[in-house]
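Asker: One-letter residues, chain by chain:
Number of protein chains: 2
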Amino acid sequence: MDKKAFQDYYPDDYSHCYGCGHLNIRGHQIKSYWDGDETVASFTPQSYHTAMPGFVYGGLIASLIDCHSTGSAAAAGYRAEGREMGTEPPLRYVTASLKVDYLRPTPMGVPLELRGRVKEIKGRKVVVESTLSAKSEVCARGEVVAVQLPEKMMTGST
Amino acid sequence: MDKKAFQDYYPDDYSHCYGCGHLNIRGHQIKSYWDGDETVASFTPQSYHTAMPGFVYGGLIASLIDCHSTGSAAAAGYRAEGREMGTEPPLRYVTASLKVDYLRPTPMGVPLELRGRVKEIKGRKVVVESTLSAKSEVCARGEVVAVQLPEKMMTGST
Numbered sequence: 000m001d002k003k004a005f006q007d008y009y010p011d012d013y014s015h016c017y018g019c020g021h022l023n024i025r026g027h028q029i030k031s032y033w034d035g036d037e038t039v040a041s042f043t044p045q046s047y048h049t050a051m052p053g054f055v056y057g058g059l060i061a062s063l064i065d066c067h068s069t070g071s072a073a074a075a076g077y078r079a080e081g082r083e084m085g086t087e088p089p090l091r092y093v094t095a096s097l098k099v100d101y102l103r104p105t106p107m108g109v110p111l112e113l114r115g116r117v118k119e120i121k122g123r124k125v126v127v128e129s130t131l132s133a134k135s136e137v138c139a140r141g142e143v144v145a146v147q148l149p150e151k152m153m154t155g156s157t
Numbered sequence: 000m001d002k003k004a005f006q007d008y009y010p011d012d013y014s015h016c017y018g019c020g021h022l023n024i025r026g027h028q029i030k031s032y033w034d035g036d037e038t039v040a041s042f043t044p045q046s047y048h049t050a051m052p053g054f055v056y057g058g059l060i061a062s063l064i065d066c067h068s069t070g071s072a073a074a075a076g077y078r079a080e081g082r083e084m085g086t087e088p089p090l091r092y093v094t095a096s097l098k099v100d101y102l103r104p105t106p107m108g109v110p111l112e113l114r115g116r117v118k119e120i121k122g123r124k125v126v127v128e129s130t131l132s133a134k135s136e137v138c139a140r141g142e143v144v145a146v147q148l149p150e151k152m153m154t155g156s157t
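Chains as they are written, first to last, in numbering that gives the first Met the number 0: chain A, 0 to 157; chain B, 0 to 157.
Each pair may be met inside one copy or between any two copies, as identical chains are not told apart.
Once the Cα atoms are required to be at most 30 Å apart in a straight line, the calculated DSSO-like pairs of lysine-lysine come out as:
1. K134 with K124
2. K118 with K98
3. K2 with K121
Just so you know, the hints here were simulated from the structure itself, not pulled from any lab data.
Let's have the full structure, built from the sequences with the hints guiding it.
Answerer: This is the structure we're talking about:
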């Protein structure tokens, strides 16, 4: 597959995130893509990512929603500016707030589908609503307020 | 140290959680304790639990707040019933909703302190507010709505 994910466009300095950095070999390496006006990602948990036996750990669900949503925020930021991802200057977002409602237990052993929708873009802020589904059933629903990376978190800034 | 953590009282069937199960050797194994009317836990992230270089991954922060708060909910449930933890029948809580506000970047390389306060106990529901601090500075603030484990998630239930 030659299609690049949102996260593959992040500059290397910003690609160490445990959730979605392609340079973090211990991390989840989440990959998100456009699907029309929605964003999608798929992730299959490891056997140890468990809550109660048979069900997925809620902290992982929060992590997947978080990274898929901030990736979606970046993609939406570029799209709003009419730019291709990867063009300069880079846009990278961090999470200001994360809300997850766990609607039903999420089963282990199947791929989880994340779908994001941009609810609002205003200035440096993007609000993304994401769902996490298993077997076409929505198990969790999240909202992320993402903001453009502040200068003080940028590598090499003084 | 012979003091048992809340999570050490969970029955073995409920001790596989990636965040706090003492039987999950790949997990975080969070340990929470009473400190007066508050609950406390400490956790030092691994080097790969990074967001931007130098800062802790937000999904891990959400996970820590989640497990510390559900553990606090269990402890509060026992205390409200005037029972010692570990007595029958076991009380075990899962997360209905999780909200985290990221107030400032959380630095890597230092222990993180979690402190929980029970905001409400009503029926099967416990609401816990938790903070996550580094170097005595609050970096994130969370609220967890925890509910007693539903029958369908209990191992061996029919």
